[in-house]
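The primary structure of each chain is shown beneath.
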Amino acid sequence: MQTMTKERRRDHWAGALVALIGAAAAWIGHFYGVGSLTHMGSGFFPVALGLAMIGIGVLIAATGGDATPDPIHGPDRKPDPRGWLCIIAAVLLFLGLAQYAGLLPATFACVFTAAIGDRQARLLPSLALAVCISLFGALVFSTALQVPIPLLGPMP
Amino acid sequence: MSGTGLADLAHGFAVALEWHNILWCFVGVLIGNMVGVLPGMGVLSAISILLPLTFAMATVPAMLMLAGIYYGAQYGGAICSILLNLPCHPPHAVTCLDGYPLTRQGRGGMALGITMLAAMVGAAFGIVQMIFLAPFIARIAFQFGAPEICTLMLLGLLAGATLAKGSPVKGVAMTLLGLLLGIVGTDINTGIERFMFGQVELSDGIELVALSLGLFGIAEFLRSVNNTPPVNAAHAKLGMRDMWPKRAEIREAAFPILRGTLVGSLCSLIPGTGPTIASFVAYATEKKLSRTPERFGHGAIAGVAAPEASTHSAVQGDFIPTMSLGIPGDAVMALLLGALIIHGITPGPRLIVEHPDVFWGLIASFWIGNLMLVVLNVPLIGLWVRLLTVPYRFLYPSALFFICIGVFAARNQLFDVAMTLGLGQFGYLLVRLRFEPAPILLGFILGPRLEENFRRAVLISRGSLEIFVTRPISAVFLSLCVLLLLAQLYARVRRVSVVTAAG
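Those protein sequences? They're chains S and F, same order as listed.
Just so you know, the numbering used here puts 167 at position 155 of the first sequence, and the rest follows in order with no gaps.
Just so you know, the numbering used here puts 56 at position 30 of the second sequence, and the rest follows in order with no gaps.
Only chain S is shown next, with the shape it has when bound in the complex (with noise of 0.2 Å):
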């Protein structure tokens, strides 16, 4: 028997995760009312894409399998767990304390964490760089744009 390749396999995945998400979208759809063509209700649309998903899902795990590099990025790269937890903390830092503590934490956390997320980051010129950026966001996002986070302090 002819064993999977990674391709297939991986195509695989990616027809169904398009066929699941056209199944979900077409059975919420439903609820919002179909109607009919005459008669054209909210649910129309939704679960007509819904359904061409579900199809083109499993042409997708049907035909594909191309091993050929992408010309532009190259092979598949692996991914960095490092980097990953980082920037989703850097993210939620951000989220965090642009809600409670203002927008100058707010910034240097992100932009700290994020950086840390790199191998190669050393302690002094992270700290360097967040310091900036923060300094920058705040002049110009604070004072020359007024978007409504204070600098300091819960956002209203």
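For the record, the hints were derived by calculation from the structure and aren't laboratory data.
Each residue gets a CB set at the ideal place from its N, CA and C atoms; glycine is no exception.
Hints should not be assumed to be uniformly reliable.
Pulled a few chain S residues facing chain F out of the computed Cβ check, cut under 8 Å [said to hold, decoys possible]:
(1) ARG21
(2) ALA37
(3) ALA64
(4) ILE66
(5) LEU107
(6) ILE145
(7) PHE153
(8) THR155
(9) PRO160
Which bits of chain F does chain S cover? Going by a derived footprint, with three or more residues having C-beta under 8 Å, they are [unchecked claim]:
(10) 425-431
(11) 453-463
Please arrange chain F on chain S, whose structure you already have, making use of the hints.
Just chain F now, with coordinates in the frame of chain S:
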């Protein structure tokens, strides 16, 4: 048309030459140029971050600036490819093949000089094409009713999904996903809340900036972090004097530039085949026509001149379907169309007549902007090269902050920032599964208009789908759709691919 055309163009220059418009055009091309040079920063991210900041501006300067970022980036992207062999900017990926060998031979400056020349010719042709074609196309499109708009959008979406790079079937899947994302929010016809899952913040739909910065900003960082090759700028030292090509070199580049320009202008007229495809087609054509194809890949001047000319001509031509029909050809155009909508302008054939300031001002600003770019690039080349060596570990944390604050500024909702993070994870998953996320943006922008026109068309015909076949223009668009699908099927069976033929 020439008489009124000239008067319109003169009006455009009057608009574009107002001092604040010139200023914003300059800001746009400067940022674009910088973004094009910086590895790992994309045009889409740059435009998305700046989009919320244009809400407070008038429409004309906002559009001039955002458009300037797009074509300005093309000038920067070539520097990256030729001097550093970094295909950080898709339309210029193919320029690496011959540009970098030239740099290693010490002729990188000359290659950049040729690139400037190609850019000027390509852009000039693209703009002239837009002056003549866009009003013409718009006049035809005046007669389109709901059924025609519907099938035309279908054609645009299908072309955008299947002709861009990557698997056509996956492209269609992404377009459908985009259409689905465009549905989220309150249905304007019935008031029913769709796919909101109880989140009030979504009642106006998903924020365009959040979607595009999730898919093209955060997803890109997740992919590039700790994965960027070290920048090798050893060969990248050059001065202004090195950039003048010799007469023999210009002669060698002349015909490739002209051919590349034509390829680019043709590609720009077909939705979905933007500058990236144009550059690959131009390279493949040159290699096929050349009497010395073995020189390609080892520093052939034609291998730099043709794709660069085609990119620039396609970039300008890209605006034609966007401005005359309201149908964007790629993700950048979808974003610019979104910017127009946010500024309260309904895109479509009426745009040229109803908003001549925007249309003709934009065209005039293309001339001014391209001129600025050529003037900027010659003396600033040293600065750009130094910028190239800024390590990625300083770039992406700063950019991440700009994404957070940019998304927030769009609607003053922290919810949208969280949404961007989620969409970023999802976008990364899609990229890992080898989907190209660009058609999502196309579907997202066109989705609401497609649904509205579909409903209207079927209402006119009292529930019969025949209306799409019996109206002649609509039937033509539908048969083009079928033709497109058949051609794709043929290409799949024969295993023809433009992109692989170039490499």
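Status of the hints after comparison with the structure:
no.: 1; hint: ARG21; result: violated, 11 Å
no.: 2; hint: ALA37; result: holds, 5 Å
no.: 3; hint: ALA64; result: holds, 6 Å
no.: 4; hint: ILE66; result: violated, 10 Å
no.: 5; hint: LEU107; result: holds, 6 Å
no.: 6; hint: ILE145; result: holds, 5 Å
no.: 7; hint: PHE153; result: holds, 5 Å
no.: 8; hint: THR155; result: violated, 13 Å
no.: 9; hint: PRO160; result: holds, 6 Å
no.: 10; hint: 425-431; result: holds (count 4)
no.: 11; hint: 453-463; result: holds (count 6)
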